[in-house]
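Novice: Going down the list, the sequences are from chains E and F. Here the first sequence stands for residues 119 to 246, where the numbers follow the numbering used here. Here the second sequence stands for residues 3 to 325, where the numbers follow the numbering used here.
What the hints contain is simulated information worked out from the structure, not anything from laboratory work. Misleading hints may appear alongside valid ones.
[As the list claims (entries may be wrong)] To give an idea of the chain F side of the interface with chain E (calculated C-beta under 7 Å), a few residues:
hint : residue
1    : Gln-14
2    : Tyr-40
3    : Asn-240
Fair warning: this is a prediction, and the values are worked out from it, not measured in the lab. Even for Gly, the Cβ is constructed at its ideal location relative to N, Cα and C.
The chain contents come next:
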Amino acid sequence: MPLGILLVLVIGGIAGITLMMHLAGKSRVTQLTPDVAKAAWLRHVPGDKVVDVTITNDGHTALIRTPAGNGLVWSFGADTVARHLQDFDWMDHPKGFEVRFHDFGTPRVLIHLDDTERQHWHNLMEPA
Amino acid sequence: MTDQVTFPDAVQWAVPFFIAAILAEFLWIAVKGKGGRYETRDAVTSLIMGAGNIASGLLLGFIAYAFFMWLWQITPLDLGTSIPVIVLCFVLDDLRYYWVHRFGHRIRWVWASHVNHHSSQHYNLTTALRQTWTYTFTFMMVVRAPLILLGFHPAMVLFVGGLNLIYQFWIHTEAIGKMPRWFEAVMNTPSHHRVHHGRNARYLDCNYAGAFIIWDKMFGTFVPEQEDDRVDFGLVHNIGTFNPLRVAFHEWVGIWRDASQPGLTLRQRLAYCFAPPGYSHDGSRDNSQQIKAKHIALHPEDRGTPGFEHFRADLPKSQAEQA
Ligand SMILES: [Zn+2]
Ligand SMILES: [Zn+2]
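Construct the entire structure; sequences and hints are all you get.
Specialist: Printed below as a string of structure tokens:
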């Protein structure tokens, strides 16, 4: 196939499909509830014990407390991703906290926090 | 004479069909309200991975092709290009695909290339196009050497390989439940391949087939889709990025970081490169067998069921794990 036509097909196809999905509302991000977050965690760590779940006000991140330590669950498009809070850095960010995992395939999460929850999350992330 | 053999690049010619089929599946799901899920960024990432796969073929394909043409020069055999030979070539190349795919799940070096095909938590026609950019670096082209030495022309081998990939496109869907019984028995189908994309303990390391599911049945890696164990699509450790560059290279970076850490023996470094995925020198990670064993510990009732045949139902626990 001539390269020019292939390029037009590929670029046009990707752009068209993207636009169609976006307009059809397929860019919505999963809203976490305590049950959803807990189920997402257990999907990641089968058989784990969840002690407590804290969800951000925007519903996109949850902090999971387990006997073995803390973990994060966050919305990832229509799905979720979960990680133990081990081998990570976190820092203040104008919109909340930024968590950096030292993992090329899961580099960072931005936890959106409003002023009412910021201090509480600070305590959760850094237990005294 | 047959050095002048040319075959069309089937995958490139299939691009318009891919686009049309994705639109059709998307509309089908929208109208029916079932049969799969689409998400914008996930699908865009898959499509870009597909485009990058074609680009990497244009850029790096000459390496494999030069190797194949060299084999073609040294082999005394030439089977020609008749229709029965092309059909036989397709079947044998599908056997080649089975083994390359099995290596792709059992050798981390090859998994580093193949992992990205499994890196979506979705399963729709765009997932079929989420293909590797780094296949050349796995050196798995050597698995095709016997075909060419047997007298199948390299251009024909690449042509039937393209047909194989096109066959596998349509099975990446939840819109089709089961095909007719005879078809499910012989061919790879949406049902069989959904299982292959599962991260459930039961479904790890099975159904490596390309076009014919018979290879899995022959080599003992077949697991049928279970009504009571819905497939959870994706990786055991799902990645948290839609960035195509990270999707394409994350496992290669992981291999480098693991194998280059200080204080390891040479054997441990090699194991990080070539052992089954999930290897760790300190036992901090689980491979698929350990994940299955942990599942059985939590769900003893699954012992001996499909995907857990090695954990025999009739043996006490300690014996069963060695069986
Ligand atoms: Zn695979
Ligand atoms: Zn697949």
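Novice: Return the status of the interface hint for Tyr-40 (chain F): holds when the least beta-carbon distance to chain E is below 7 Å, violated otherwise.
Specialist: Nearest chain E Cβ about 5 Å off; hint holds.
Novice: Tell me if Gln-14 (chain F) is really an interface residue toward chain E, meaning its C-beta lies closer than 7 Å to one of theirs.
Specialist: holds, 4 Å
Novice: Once the shortest beta carbon distance from Asn-240 (chain F) to chain E is found, is it less than 7 Å?
Specialist: OK, holds: Asn-240 (chain F) within 7 Å of chain E, min 5 Å.
Comparing the model with each earlier hint shows no violations; every hint is respected.
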